[in-house]
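Based on the hints, put chain U in the right spot on chain B.
Chains as they are written, first to last, in UniProt numbering: chain B, 1 to 290; chain U, 1 to 290.
Possibly wrong hints are sitting among the right ones.
Pairs involving identical chains hold if they fit within one copy or between any two copies, as the list cannot separate such chains.
[What the hints assert, rightly or not] Here are the simulated lysine-lysine pairs, DSSO-like style, with alpha carbons at most 30 Å apart:
{"no.": "1", "residue 1": "25", "residue 2": "264"}
{"no.": "2", "residue 1": "50", "residue 2": "230"}
{"no.": "3", "residue 1": "121", "residue 2": "278"}
{"no.": "4", "residue 1": "230", "residue 2": "278"}
{"no.": "5", "residue 1": "189", "residue 2": "121"}
{"no.": "6", "residue 1": "121", "residue 2": "100"}
{"no.": "7", "residue 1": "230", "residue 2": "97"}
{"no.": "8", "residue 1": "100", "residue 2": "202"}
{"no.": "9", "residue 1": "100", "residue 2": "235"}
{"no.": "10", "residue 1": "172", "residue 2": "230"}
{"no.": "11", "residue 1": "264", "residue 2": "235"}
{"no.": "12", "residue 1": "164", "residue 2": "50"}
{"no.": "13", "residue 1": "88", "residue 2": "235"}
{"no.": "14", "residue 1": "121", "residue 2": "172"}
{"no.": "15", "residue 1": "100", "residue 2": "189"}
{"no.": "16", "residue 1": "278", "residue 2": "189"}
It is worth saying that the hints were derived from the structure and are not from the lab.
Chain residues, written in single-letter form:
Number of protein chains: 2
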Amino acid sequence: MRNGERHQRIAYLGPEASFTYLATKSLFPNEELEAFSTIPECIEAVSEEKVDLAVVPLENTIEGTVTLTIDYLYHEADLYIVGDCLSKIQQHLMVHKNQKDNWQSIEEIYSHPHALAQCHKYLYYRFSSVPLQRYSSTSAAAKLVSENPDRCIAAIGNVSSAEKYDLEIVQKNIHDFQFNHTRFLVLSKSNTRLPVDHSEGKAKTTLMITLPVNVSGALHQVLSVFAWRKLDLSKIESRPLKTGLGEYFFIMDVHADENGAMMKGAMEELAALGCNVKSLGTYYTFLTRE
Amino acid sequence: MRNGERHQRIAYLGPEASFTYLATKSLFPNEELEAFSTIPECIEAVSEEKVDLAVVPLENTIEGTVTLTIDYLYHEADLYIVGDCLSKIQQHLMVHKNQKDNWQSIEEIYSHPHALAQCHKYLYYRFSSVPLQRYSSTSAAAKLVSENPDRCIAAIGNVSSAEKYDLEIVQKNIHDFQFNHTRFLVLSKSNTRLPVDHSEGKAKTTLMITLPVNVSGALHQVLSVFAWRKLDLSKIESRPLKTGLGEYFFIMDVHADENGAMMKGAMEELAALGCNVKSLGTYYTFLTRE
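Looking at chain B on its own, in the form it has when it is part of the complex:
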């Protein structure tokens, strides 16, 4: 928020204390945040201008089917990416404060099934005989623990869940893969750019490219367009359009501004090759405060 302006309204994938909330709060500490319960609801909120921006997970999350974000952006909504950020997905073991000295004899552990899976090795080596209870979200699990001060049970979740429900974190960072990050996108109805005060230097453009036909080497030809111009790709992912029929689209992140001469040339050539190219905008990666 800049001086004299109203607070921006930011939709995020809830519930409150979710990993998306953590990322959104870090990006927009002074704005008005509103939780929605699904990715499509977040996308529609910004599409219908009920909010100014929406923050949704793109990759590797426990909270949403990530392909839903891509499919909605490709098939449904006319939105732009105005920023992205990477957040560490850190899972902690937490108990009620009354139980903080008893945590080594926990009788049950509650969390979202995906969070339990992410902590598989820790749970296997440390609590192999303790029953795991599957819950609809990590924060719902934390809430349950907070409501049962007399039971020696634990939840697995993030710092924000522990704070919201006043739980004691007794083991930090119990997830298996330490380099695990989730990427979040900031979506807007207009192709503007967020004011950059703490971002990584390079501008990035996300393209969705449909190949004209599924011929051997078509992707190679598409990449040639970027390669000889020394335009660097930081992500490429194929998605089937109609499974089994050999039609694909590709999501690519290119480290360049869509208004630059090289990118304009590349996009014109892709169109001339018969590709359908949709730019989701040029934006910067925001650094989250951790």
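Relative to the frame of chain B, chain U by itself:
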């Protein structure tokens, strides 16, 4: 199972009546299926030879974080893919049989948050004022409905959940994207091939390739190795090795046998270019019975 042999034991990502169960049952109708509660547990079961094979989702599922499968295969387990299959993810609205004439006045709808998200448009247009209740799995939601014959409530889930809990499907295929499929992998400890009686014709090889350095055009160079040999790719996906540091590995599906002359040549050249190449094996896509 062939005549005279023991039943094979197949691990799958549960709970029973999950989408993975449906795919596994279709692939192995006569074998002994065993549910595990997380993807890592399925992978370890086959790795430690507690079971013969494991079936896990790779893409676009509501049951597991898909990247967990890729990360475990890359970083942890020494397993091979011996088959894959594509299954339609079909979501249905189901009620207790006592309530089958009252379903238009449902008071609450229960399901996994991701399944609710997949049916967003149907729910928005048809039941916008009905509260949605998030549950840990679609089959847990079906179980709840089956235990409350007097309440006018519904669950969203697959055919198998309806059958298991004897519910009435009152609206079929209420998911937003009709071409939605999930891909499942069949994993084995040995690089054998499943006997093919009902598969798509072409052999496929999955490679995990780490680029030597993150230079502009390195991926293009890698694809050249496949393109001039007319080796067709049906999937490519980049995954960060250490986020922010610009190191990637790529998962590629190539329509060719790893023992063929062209593939051997391609893999030797990739190694000569400084790439780290790991083949997860050559296999066929099984057609599921629907």
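Consistency of the hints with the structure:
{"no.": "1", "hint": "25 - 264", "result": "neither (35 Å within a copy, 50 Å between copies)"}
{"no.": "2", "hint": "50 - 230", "result": "neither (40 Å within a copy, 50 Å between copies)"}
{"no.": "3", "hint": "121 - 278", "result": "between (42 Å within a copy, 24 Å between copies)"}
{"no.": "4", "hint": "230 - 278", "result": "both (21 Å within a copy, 27 Å between copies)"}
{"no.": "5", "hint": "189 - 121", "result": "between (42 Å within a copy, 20 Å between copies)"}
{"no.": "6", "hint": "121 - 100", "result": "within (23 Å within a copy, 45 Å between copies)"}
{"no.": "7", "hint": "230 - 97", "result": "neither (56 Å within a copy, 63 Å between copies)"}
{"no.": "8", "hint": "100 - 202", "result": "neither (45 Å within a copy, 57 Å between copies)"}
{"no.": "9", "hint": "100 - 235", "result": "neither (43 Å within a copy, 48 Å between copies)"}
{"no.": "10", "hint": "172 - 230", "result": "neither (42 Å within a copy, 50 Å between copies)"}
{"no.": "11", "hint": "264 - 235", "result": "both (19 Å within a copy, 27 Å between copies)"}
{"no.": "12", "hint": "164 - 50", "result": "within (27 Å within a copy, 41 Å between copies)"}
{"no.": "13", "hint": "88 - 235", "result": "both (18 Å within a copy, 27 Å between copies)"}
{"no.": "14", "hint": "121 - 172", "result": "within (14 Å within a copy, 39 Å between copies)"}
{"no.": "15", "hint": "100 - 189", "result": "neither (47 Å within a copy, 42 Å between copies)"}
{"no.": "16", "hint": "278 - 189", "result": "within (15 Å within a copy, 42 Å between copies)"}
Going down the numbered hints, you'll see the structure goes against 1, 2, 7, 8, 9, 10 and 15, while the others check out.
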